[in-house]
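Chemist: Sequence:
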Amino acid sequence: MTCLNEDPDYDDDEDDEDDWDAWFYEEEDPEELQRAGVIVRPDEDFFSREWDVMKAYYEGKGGEKMGTKDLFHPNPVHVTAKTPTNKALTAEEITRTHGAAQFVPALETYLRNSDPTLSNVSISAQHRFHTWSRARLCHSAPPYNPAEGPSVDVVRAQPMKKEGGRVTRRSRFDTVLLLHRSDQVGVRRYRIGRVRVIFQLPSALDRRSQGPLVYADVFDQWSQLPSEPTGLYTVKPKFTARNVRVCVILPLSQVRMTCHLAPCYESRTLDTWLNVNSDVYALFPTFFFNIFANHQLYGLLRHWEQDGMWRSEKPEEPATQVDADQDGKHYEPIPEPGFSDEEAGDWGSDQSEDNDGMDVDEDASDDESNDRPAQRGRPASQGRASQAHRVRGRGGGRGRGWGLVEAGSLFTERGGSSGRALAVRAGAGGGSSVVPCARRPRRLRRG
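Numbered according to numbering that gives the first Met the number 0, the sequence shown terminates at residue 446, and the numbering increases by one at each position without gaps.
Worth double-checking, as some hints may not be accurate.
Straight-line C-alpha distance at most 30 Å; calculated DSS-like pairs for lysine-lysine [stated by the list, open to error]: (1) 160 <-> 81; (2) 160 <-> 86; (3) 54 <-> 64; (4) 161 <-> 64; (5) 235 <-> 160; (6) 54 <-> 68; (7) 81 <-> 161; (8) 237 <-> 160.
Derived from the structure by calculation, the hints contain no laboratory data.
Kindly produce the complete structure, drawing on both the sequences and the hints.
Modeler: Structure, rendered in structure tokens:
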């Protein structure tokens, strides 16, 4: 038996659509969830640590403060696996596989400085340590850009892996920002280090329970200013007076962010070709601090106003000569600005010579004299020289910061004039009151 709907316009599919839309757009009732025992709260356990904030000020020409700004610095939550990657590795194995040549003396120095009761402890090559191949740095959303959301950095310290005489995994030792001077702001707050080992002290030595430690090769101080024309800071590997690489052991908590160094290829000429297994950190003496490695690092350097942005001022170009009269009947040449009558030659006199018959009909009557291009004899100081200046002035747009700049005026990063930017940039050059043809970065100091 078939049951038919009496309504001929009835559409069962439309009812299903309406029911689906009503369910999809239905808002949950908080009271109903509460009665059901459901607790709704943001998950902040994993990204709960706030960023470090420091008050910085802009330094003017005479060292005076030109205004303050809150600068935020990363303070991540450090996470390692519950089970170490390698258990009970000897100090000799760590030195050989991880390339940590100064592991034992660096560890003894760390123990003496961190715990005076361990000043007489001697580390042998047979001491055993748990090691990890990676650690995660969990960053909360940056306060200067909350829409960016939380992020996770991964620090790797993986030695080369071989199976059957073949390399199945290349070594990887990441570069990071190590907290060096907590009283500074921006990049001066950190030193760059290359993490070789992530390990933990045995229970007999770990009396203060400082958690995992890192062994890192240290790079020297930052360059005073970003280098031209890249606008990037440069660093160099740090060596002792005996040409031994400087290494340190620090708590993992002092690793604040991963970073990337790009070799400055012009700093050294190599005799051999580079391949996938080449260690460029051991081959080149100078490296660029690559702020474009990831979006988080670039945004942080922009917030610190230390992203380089070393823009050379565009040279002054001649004004564009536009012929408004396309048919050419009344062509009037536009003299160059500042062109004198003597330099103009035949064009600098009001009187035309007898043989000067260019574009002039000799048989023309006096009534047609107005149609002659008599304007070509006008001196350079008259005519349309002022219009040429106006054309030149239109090129100084404020939107992109690339326009022509008048003498005595300076523009900020986005093109707008600012007296404060003048003082900041003058102070960044060591007190010089003259700003060269390239934009100097701002110098920030702790407030």
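Chemist: Take a quick look at whether residue 81 and residue 161 sit within 30 Å of each other, Cα to Cα.
Modeler: Cα-Cα ~25 Å, so holds.
Chemist: Please work out if residue 235 and residue 160 have their alpha carbons no farther apart than 30 Å.
Modeler: holds, 28 Å
Chemist: Given the proposed pairing of residue 54 with residue 68, does the C-alpha separation stay at or below 30 Å?
Modeler: holds, 6 Å
Chemist: Is the hinted pair residue 237 and residue 160 satisfied, with a Cα-Cα distance of at most 30 Å?
Modeler: holds, 28 Å
Chemist: Does the alpha-carbon distance linking residue 160 and residue 81 stay inside the 30 Å limit?
Modeler: holds, 22 Å
Chemist: Straight-line Cα separation of residue 54 and residue 64 no greater than 30 Å?
Modeler: This hinted pair holds, its Cα atoms lying about 12 Å apart.
Chemist: Is it true that the CA of residue 160 sits at most 30 Å from the CA of residue 86?
Modeler: holds, 16 Å
Chemist: Below or equal to 30 Å on CA atoms is what counts here, so check residue 161 against residue 64.
Modeler: With Cα atoms ~58 Å apart, residue 161 and residue 64 exceed 30 Å; violated.
Of the hints listed earlier, the one the structure fails to meet is number 4.
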